[in-house]
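Enquirer: Sequence:
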Amino acid sequence: MISVSISLIPTADGQLLIPATEVTSLLRCLADDWLGSPAAGEEPDVPAAVDEAAGAMNQLADQIDAECIACASEPGAGRPE
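Numbered as in the working numbering, the sequence shown ends at 98 without a single skipped number.
Read the hints as simulated data drawn from the structure, not as lab findings. For clarity, every value in this text was computed on a predicted model and none was experimentally measured. You may find that some hints are simply not true.
Claimed, not checked - With beta-carbon atoms standing in for the labels, derived distance ranges:
| no. | residue 1 | residue 2 | range |
| --- | --- | --- | --- |
| 1 | P27 | E69 | 31 to 39 Å |
| 2 | L25 | P92 | 27 to 35 Å |
| 3 | G72 | Q32 | 28 to 36 Å |
| 4 | C88 | Q32 | 15 to 23 Å |
| 5 | C85 | D49 | 18 to 26 Å |
| 6 | D62 | T28 | 40 to 48 Å |
| 7 | V67 | V40 | 15 to 23 Å |
| 8 | L34 | E91 | 18 to 26 Å |
| 9 | G93 | I26 | 20 to 28 Å |
Note that the Cβ used here is the ideal one computed from N, Cα and C, for glycine as well.
Turn these sequences into a full structure, and let the hints guide you.
Expert: What follows is the structure, given as structure tokens:
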């Protein structure tokens, strides 16, 4: 069983935000937990549906990372001028 802590950031309009790095870490942590950690040299005994779901979660985490990098690398994004 995993235990995680998520930071919540309140906005002026009452919304709550979660940092993208924490979302992607959570997705990857859940995927790893579902897949388990087989002993060295052993193939994991994971049903195909669980393997596919874990793969989808890792792909989503990668997509979020890529989109955040793209937003951060736009001229003037998040930087006061």
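Enquirer: Does each hint hold? Answer for all of them.
Expert: Here is how each hint holds up against the structure:
For P27 and E69, the Cβ-Cβ distance of about 36 Å falls inside the hinted range of 31 to 39 Å, so the restraint holds. The beta-carbon spacing between L25 and P92, approximately 30 Å, falls within the hinted interval of 27 to 35 Å. Checking the proposed 28 to 36 Å range against G72 and Q32 shows it holds: the Cβ atoms sit about 31 Å from each other. Between C88 and Q32 the beta carbon distance is about 18 Å. The supplied range of 15 to 23 Å therefore holds.
Judged by the Cβ atoms, the range 18 to 26 Å given for C85 and D49 holds: they are separated by roughly 21 Å. For the hinted restraint 40 to 48 Å between D62 and T28, the CB-CB distance of approximately 44 Å keeps it satisfied. For V67 paired with V40, a C-beta distance near 21 Å keeps the hint of 15 to 23 Å intact. For L34 and E91, the Cβ-Cβ distance of about 19 Å falls inside the hinted range of 18 to 26 Å, so the restraint holds.
In this structure the hint that G93 and I26 lie 20 to 28 Å apart at CB holds, the actual value being about 22 Å.
Comparing the model with each numbered hint stated earlier shows that all of them hold.
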